[in-house]
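Based on the sequences and whatever the hints tell you, model everything.
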Amino acid sequence: MITFDRVSKRYPEGHDALREVSFHVERNEMVFLTGHSGAGKSTLLKLIMLMERPSRGQVLINDQNLKDVSRRKIPHLRRQIGVVFQNHQLLFDRSIFANVALPLEIAGYQHREIGRRVRAALDKVGLLEREGDLPVTLSGGEQQRVGIARAVVNKPQVLLADEPTGNLDPALSSEIMHLFEAFNQVGVTVLVASHDLSLISRMQHRIMTLRGGNLIVGASEP
Amino acid sequence: MKRRQTAERRDGASQSRTAWHAVLRSWVLHHQLSATDSLHRLLGNPVSSLMTWFVIGIALAMPVGMFVALENVRSVSADWDSPAQVSLFLRPEITLEAAQLLEQSLLQRPDVGATRLITRQAALEEFQQLSGFGDVLANLDDNPLPNLVVVSPPDGGLDGAAAEAMLAGLQALPEVENAILDMEWVQRLNSLMQLSRRLVVSLGALLSLGVLLVIGNTIRLAIENRRQEIVIVKLVGGSDPFVRRPFLYTGIWYGFGGALASWLIIAVTLGWLRGPLSSLAVLYQSEFRLQGLGMEGGLALLLLGGSLGLLGSWLAVARHLRAIEPD
Ligand SMILES: Nc1ncnc2c1ncn2[C@@H]1O[C@H](COP(=O)(O)OP(=O)(O)OP(=O)(O)O)[C@@H](O)[C@H]1O
Ligand SMILES: [Mg+2]
Numbered sequence: 001m002i003t004f005d006r007v008s009k010r011y012p013e014g015h016d017a018l019r020e021v022s023f024h025v026e027r028n029e030m031v032f033l034t035g036h037s038g039a040g041k042s043t044l045l046k047l048i049m050l051m052e053r054p055s056r057g058q059v060l061i062n063d064q065n066l067k068d069v070s071r072r073k074i075p076h077l078r079r080q081i082g083v084v085f086q087n088h089q090l091l092f093d094r095s096i097f098a099n100v101a102l103p104l105e106i107a108g109y110q111h112r113e114i115g116r117r118v119r120a121a122l123d124k125v126g127l128l129e130r131e132g133d134l135p136v137t138l139s140g141g142e143q144q145r146v147g148i149a150r151a152v153v154n155k156p157q158v159l160l161a162d163e164p165t166g167n168l169d170p171a172l173s174s175e176i177m178h179l180f181e182a183f184n185q186v187g188v189t190v191l192v193a194s195h196d197l198s199l200i201s202r203m204q205h206r207i208m209t210l211r212g213g214n215l216i217v218g219a220s221e222p
Numbered sequence: 001m002k003r004r005q006t007a008e009r010r011d012g013a014s015q016s017r018t019a020w021h022a023v024l025r026s027w028v029l030h031h032q033l034s035a036t037d038s039l040h041r042l043l044g045n046p047v048s049s050l051m052t053w054f055v056i057g058i059a060l061a062m063p064v065g066m067f068v069a070l071e072n073v074r075s076v077s078a079d080w081d082s083p084a085q086v087s088l089f090l091r092p093e094i095t096l097e098a099a100q101l102l103e104q105s106l107l108q109r110p111d112v113g114a115t116r117l118i119t120r121q122a123a124l125e126e127f128q129q130l131s132g133f134g135d136v137l138a139n140l141d142d143n144p145l146p147n148l149v150v151v152s153p154p155d156g157g158l159d160g161a162a163a164e165a166m167l168a169g170l171q172a173l174p175e176v177e178n179a180i181l182d183m184e185w186v187q188r189l190n191s192l193m194q195l196s197r198r199l200v201v202s203l204g205a206l207l208s209l210g211v212l213l214v215i216g217n218t219i220r221l222a223i224e225n226r227r228q229e230i231v232i233v234k235l236v237g238g239s240d241p242f243v244r245r246p247f248l249y250t251g252i253w254y255g256f257g258g259a260l261a262s263w264l265i266i267a268v269t270l271g272w273l274r275g276p277l278s279s280l281a282v283l284y285q286s287e288f289r290l291q292g293l294g295m296e297g298g299l300a301l302l303l304l305g306g307s308l309g310l311l312g313s314w315l316a317v318a319r320h321l322r323a324i325e326p327d
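Those protein sequences? They're chains A and B, same order as listed. Be aware that the first sequence starts at 1, since it is given in the UniProt record's numbering, and climbs by one per residue. Be aware that the second sequence starts at 1, since it is given in the UniProt record's numbering, and climbs by one per residue.
Heads up, none of these hints are tricks.
Label pairs and their calculated CB-CB ranges: (1) A:Asp68 / B:Val28: 23 to 33 Å; (2) B:Arg25 / A:Asp133: 27 to 37 Å; (3) A:Gln64 / B:Ser202: 53 to 63 Å; (4) A:Asp63 / B:Val28: 25 to 35 Å; (5) B:Ala318 / A:Asp68: 18 to 28 Å; (6) A:Gln157 / B:Asp240: 19 to 29 Å; (7) A:Gln58 / B:Gly210: 49 to 59 Å; (8) B:Ala318 / A:Ser55: 25 to 35 Å; (9) A:Gln64 / B:Asp240: 15 to 25 Å; (10) B:Asp240 / A:Leu128: 27 to 37 Å.
Negatives, chain B to chain A, calculated, CB over 12 Å: (11) Ser75; (12) Ser208; (13) Ala318.
The set of hints was computed from the structure by calculation and includes no laboratory data. Every residue, glycine too, gets a C-beta built ideally from N, C-alpha and C.
This is the structure:
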């Protein structure tokens, strides 16, 4: 589902964020990505989202080579990938419902269908009764769950998460991780970047480790 | 749904039609959504929106108002265009009998179609009636007005050179103190109008540019204010047209509201002038009635405003939206 083939990324400042990274994530697999701060976890996820382009090497998503995706086609790619960010990236002047509905509006769903899917997604993250509230009225963990609902509402094949439990307490963190696991069990390919080693090592999934831009553990060669 | 649609499109012609319908429907839906949402945003900020609308309104009202004024002048002067009349102001010592004789003799000339004698007495009475200075004038010992013969050219009129010749011939008459070709000032008025029209056009172009810049700058600020939202929309797969659309509608609403404001400004100004102008018209025994923008003119103004808004926001969006990318 996700293939990196000797991918390097050098930012304009001349710093190598990724060096010759190769790995493969199978369809329906759940994989953790870990490493110290600055190891290149976020950079790796940005390459998948085409927020950045690799300096060398190839990235394939669902057999599509991302180097063939022109700037104009990027939105189409992003609609197939759900993303969860550490800082939620919610719209604070819109209701929780409207936040979760955003990807569906972009995809052009009809009102009724949007309502149905948004409620289904909010139900899965346990926030159904809060749909009319503004995000500021939620706790950090709840905001993160809104972000997750938004990421899965369009039924993406791939779900990415960058430090989704960054500043949550251990109980909440493990709750969030099990939420990802639940989506994985219904057929979504999940890739989660996290440096909460104690939490992710307790879960039974592959762990890839980056160090200084090199993938040192967990690659499964294509 | 996108993915499903592509699949359907491959399945067959009839299904591809329904897929296209769905795409079209969602496109229309987002246009409606952008239009109403951007209008709500403007109405939700009434003070700053009203200020922008009136800035645009004033900028549009100046050239459009001048255009309306010119149209009025044109409709008045059209009545005077032809045939040109010559007013012969007779020397003070010419008696009424002599004036009547002159009127008769003028009729014999081939370049004269009709004459009308306005005696000094009739002129004074008319003036007393119309001016409201009746009492003052009644106290005058002497009637200061001369006898006047108004000479019209024959049916079909005279061309410019013949009119000049007639004027020269009439001016040379011994009884005539002063001969004035009304055409002269009509011509002057016409060239003045031509000049004014060009001034209005260049002023209009300049102020339209101003409106464009005002709207462009307002949209730039709106984009800046919603930077975070734009980033998020792009992250979850919003295309450039999707992101652009609300801002384009915002521009259209600004231009539209500005045009409405200028329509209002012009209507109020004209209403304010209407009273004095119609009494003036009565004084001049004119049928003149002040013409406003009219429905057609108003709609054209709205169209102009909307187009300027769209263009202004397009310029801003093209410059600033592309630069906002998630990082
Ligand atoms: N936009 C950028 N421009 C220049 N350098 C960058 C940029 N983004 C990241 N880097 C650099 O690339 C390296 C990898 O950064 P990255 O954000 O991928 O690390 P990370 O593993 O996500 O770290 P953290 O755990 O702190 O989030 C870092 O040294 C960082 O300074
Ligand atoms: Mg990071």
